[in-house]
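In the order they appear, the protein sequences are chains A and B.
Sequential numbering of the first sequence, starting at 1, is according to this note's numbering.
Sequential numbering of the second sequence, starting at 1, is according to this note's numbering.
I should point out that these hints are in silico values taken from the structure, not numbers from a laboratory.
Accuracy of the hints is not assured; some may be wrong.
[To be verified] In silico lysine-lysine, BS3-like type, Cα no more than 25 Å apart, as pairs:
| # | chain 1 | residue 1 | chain 2 | residue 2 |
| --- | --- | --- | --- | --- |
| 1 | B | K245 | B | K157 |
| 2 | A | K122 | B | K123 |
| 3 | A | K116 | B | K222 |
| 4 | B | K655 | A | K107 |
| 5 | A | K116 | B | K515 |
| 6 | B | K656 | A | K107 |
| 7 | B | K536 | A | K129 |
| 8 | A | K137 | B | K656 |
| 9 | B | K222 | B | K247 |
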Amino acid sequence: MTEQEWTPKIVAFCCNWCSYGGADTAGMGRFQQPASTRVIRVMCSGRIDPLHVFNAFLEGADAVLVTGCHIGDCHYVNGNEKTRVRFEFLEEMLQQLGLEPERLHLKWISASEGEKFANFIKDVTAKVKELGPSPLKPAGVK
Amino acid sequence: MTQQETNTEKTQAEELRIGAFICECGVNIAGSVDCHAVADYISTLPNVVTSVVNKYTCSDAGQAEIKKAIRDMNLNRVLVASCTPKTHEPIFRACVEEAGLNPYLFEFVNIREHCSWIHMWEKEDATRKAKELVRMGVARAALLEPLESSEVPVTNKALVIGAGVTGMQAAMDIGDMGFQVYLVEQGPSIGGKMAQLDKTFPTNDCSICILGPKMVEVARNKNIEIMSYSEVTEVDGYVGNFKVKVKHKPRYLNIDECTGCGLCSEACPVEVPYTEFNEGIGTRKAIYTPFPQAVPLRALVDKVNCIGCGACIKACERGAIDMDQKETFSELDVGVIIVTAGFDVYDPEPKNEFGFGLYDNVITTMEFERLINASGPTMGKVVRPSDVKPPKRIGFVQCVGSRDKHSNIYCSSFCCMASLKNAQLLREKYPDTEVYIMYMDMRTPFRMYEEFYNRARDMGIRFIRGRPAEVTEDENGNHNIIARIEDTLTNEIVNLELDLMVLSVGAVSPESTEKIRQILKVSRAADGFMMEAHPKLKPVDTTLDGIFIGGMTQGPKDIPYSISQGSACAARATRFLAQGKALTEGITAKVNEDICVGCGVCVPMCPFQALSIEDNKLKIISALCKGCGTCMAACPTGALEQSHFKNVQLLEQVKKVFAYGEV
Chain A
1 MTEQEWTPKI
11 VAFCCNWCSY
21 GGADTAGMGR
31 FQQPASTRVI
41 RVMCSGRIDP
51 LHVFNAFLEG
61 ADAVLVTGCH
71 IGDCHYVNGN
81 EKTRVRFEFL
91 EEMLQQLGLE
101 PERLHLKWIS
111 ASEGEKFANF
121 IKDVTAKVKE
131 LGPSPLKPAG
141 VK
Chain B
1 MTQQETNTEK
11 TQAEELRIGA
21 FICECGVNIA
31 GSVDCHAVAD
41 YISTLPNVVT
51 SVVNKYTCSD
61 AGQAEIKKAI
71 RDMNLNRVLV
81 ASCTPKTHEP
91 IFRACVEEAG
101 LNPYLFEFVN
111 IREHCSWIHM
121 WEKEDATRKA
131 KELVRMGVAR
141 AALLEPLESS
151 EVPVTNKALV
161 IGAGVTGMQA
171 AMDIGDMGFQ
181 VYLVEQGPSI
191 GGKMAQLDKT
201 FPTNDCSICI
211 LGPKMVEVAR
221 NKNIEIMSYS
231 EVTEVDGYVG
241 NFKVKVKHKP
251 RYLNIDECTG
261 CGLCSEACPV
271 EVPYTEFNEG
281 IGTRKAIYTP
291 FPQAVPLRAL
301 VDKVNCIGCG
311 ACIKACERGA
321 IDMDQKETFS
331 ELDVGVIIVT
341 AGFDVYDPEP
351 KNEFGFGLYD
361 NVITTMEFER
371 LINASGPTMG
381 KVVRPSDVKP
391 PKRIGFVQCV
401 GSRDKHSNIY
411 CSSFCCMASL
421 KNAQLLREKY
431 PDTEVYIMYM
441 DMRTPFRMYE
451 EFYNRARDMG
461 IRFIRGRPAE
471 VTEDENGNHN
481 IIARIEDTLT
491 NEIVNLELDL
501 MVLSVGAVSP
511 ESTEKIRQIL
521 KVSRAADGFM
531 MEAHPKLKPV
541 DTTLDGIFIG
551 GMTQGPKDIP
561 YSISQGSACA
571 ARATRFLAQG
581 KALTEGITAK
591 VNEDICVGCG
601 VCVPMCPFQA
611 LSIEDNKLKI
621 ISALCKGCGT
631 CMAACPTGAL
641 EQSHFKNVQL
651 LEQVKKVFAY
661 GEV
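Here chain A stands alone, though its shape is the one from the complex (with noise of 0.2 Å):
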C-alpha cells in the first residue's frame, strides 16, 4: 500500500437506537463512503467512557467518532446530555495529548439521518487523511 492510498481507520461509538439506525440508513440509501470506519454499537452513547475512546487512540485509531440521538431524543431520557459533559472532558484530555481536534468528533445522527452519517464519514475521513496518521498510533499497526 502505498503513502497515498493510505486510509485512516476510524473507531465510530454508534448508540443503538439513533445513531446505529442512522448507519444502517446509509447503507439501506446505498450511500457511498469510504472504507475507514469500524462502528462499535452500545445501547447509549451515555455508555461510552472515556477509556473506551483512549484505548481506541492508543490501540492505532486515527480519529474517534462519539455519536448518539438528538438532545431530546435519548431512548433513555438524557444518557446523551452526560456524553456531551463527558466529551468536553475527552476534548481536553485530547488537547493535552497533542492531537489535532479534527481526530475526535461528537454527532448526534438520528436512525434515518443516513445520508448525514455517510457525509459525516466522508467528512472525517477527508480531513484525517489530510493529518496523516495518528502520533499515537503503534508503529505497524493495520
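Given chain A, put chain B in place with the hints provided.
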C-alpha cells in the same frame, strides 16, 4: 454466589468453540464482499471451530445449518455476519436458543448495511473491512456471557392516542377482542380530519355518513373509554407496564350534565371565525358544540373569546356550565400504546405560495372541503371568498407542500385523488363550471383509483401538465386569479384566468405529535413523521416494544390505508395483551460489591431511579434498570458493569479493529 455467576464461570471454564456463519445475502453482500475469503480468514482465528458461507443465513436452511453445527460440533458461541441486528438479531437469538444455547452467546456482525452496501464498487476494501468486522465480532463472542431475560406481567389495557379514523379503528378492534382501551383525543370530539371532509374517493360517498356511525359505535363499545379534549403529558415505564399521565382540559361545563342541546350557543352573543373545524370560514359562538355529529356531543367554552356575560349560564336548563372548572389529570396503567395522532395540512401562507394569503380567491383543499360540504358554513354552496359569488372557472394546483425541495420532498399520496374527487363533485354539482387540474404527475395507484382518474377525464375536467410559475390577480379589480403555466405536454405557455384557485396541500406532522414523539422517544423519520421499526416487515411497530404507530402518524396516506394500519396496530398490540406477559432484555447493570466503595457518583446518572446507596454499597433494582450503561461510564472504581457490554468486551472489540501486518 448467584446462579448466574455459577453459569458464567462454567462457560468460561469450558473450551471456547465459536462457529461463524458468513451470509452472502444473495448478491447483497457477495456482490461486494468476497465472503469465502472472509470465512477462510476467520477460520484461522483462535477458538473458531467452523467458519462457513451461506447463501442466506436467515433462511430455514441457513438456520437449520446453525442448529446442526451447534449440536454436532458442540459450539458454545455463534457468530453470524450478515445484515443489521435491528431486524435479524431476535431471529438468530431464537435460532441458537432452539439448539440449546443461551441467546446472549450469539454475536451479530453487520457486513451488509455497514459494509457491502456502502462500498459497492470497492470489493477489495469491502472484503478487508468485512474480515476486520468479523474479527472484532469473534473477539467479542469469546467474551460473551449467558444472560437471562426476565418475564414481566402485562397490564391488559391499551392506550390509543388520537381518535381520528385510524385510532377509532384500532380502539374498536382491541375493544372487540375483549381488552379495555383508553382513547385519548386532544380535540373536543373524536372523528379527526375525516369528519371535515365532504365526500371521499373513489366511491364519492359522504364522509361523515360513513364516519358518523363508526363514531357512535366507538362511543357504544363497552371496552372503550373516550377521553376527549385531553392530552397525554407523561409516559413512564416499559412494555406491559406503562404509566401514563393524561391532562383533561377544562370545557367549563359538566360533561355529564350537558346534553349538547345548543341553547347555550344560541344565547351566546360572541361570534368568532370557526378555525378549528371550518378552516376559518363562517363563525361559531364562544360556547359551542364542535359539529352536529360530534362524539361526545357536548359543548365547550372558548375561554379566550368568552366575555363572561353569563348568558349561557342562564340559558342552560341543566345548570351544566361551570366557568371555574380547572384542568384535571388521570393516571393510567396500560400495557401497550398506539399513536394515531394524525396530521396537519401544509400551510402555504408563510411563503405566500401561489398567491395564498395575498389573494382572497386562492384557497386550500381543506377550505374547499368545508365549502362544498352540505353541512359546512355555506351549506354546500361553493362560493369564492372575495365576493361570495359562485365561481365559473376553477383550477386545482397539485403538489403544494409536497414533492418540493423547498418544503417537503415526499409525495403526500392522497392529494391527486382528493383533487380528482373535488373536480368531479364540481362538475356534477355545477355542470357549466370549467375545471382545471394543474399537475406534475397524476398518481393514482390502488383499486378503482385509475378508473376514477379516467372518469374525471371523461367528465370534461381539463388537465394541464405544469404548475403555475406566476400567480397574479387581474387588474380590473374583480379579484380573478391569473395563473401563468407552461403546459409541458404541448410546450405552450398558458395564461389561465380563474375565479377560484384551490391549492392541493399535502400533509405534515403536527407540532402536537412531535411532543408525543418526544415523550415516547419514538424515532423521527427525515420527513418529520414517526419512524416505523422496518419499512416493509414492521410497518406499524416502533423500535420500542409495546409502542405502535398508525395512519398519518407514520406518514401521509389515504383513508383505506390508514384504517388498515389502525387494524394492524390493534393486532400487533393485542399480542402482548393476549399473552399477558412480555420478555425484558437481560442486559442490565451489575455491581461488584467487593470493589464498590459506595461513593454514589453513579446514582444521579440513572434516569430511571434504579440505583441507590444502602449501607455504603450500591443497590440496583433490576426491574427498573433499562440497561443503557450510562452509570458505568461514571463509576470511578470499575465496580459497575453492563452485562453484554462489559468493558472487557468493548475494549477487546476496539483492540481487534487493528492488527499488525496485512489481513
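Numbers of unmet hints, in rising order: 3 and 7
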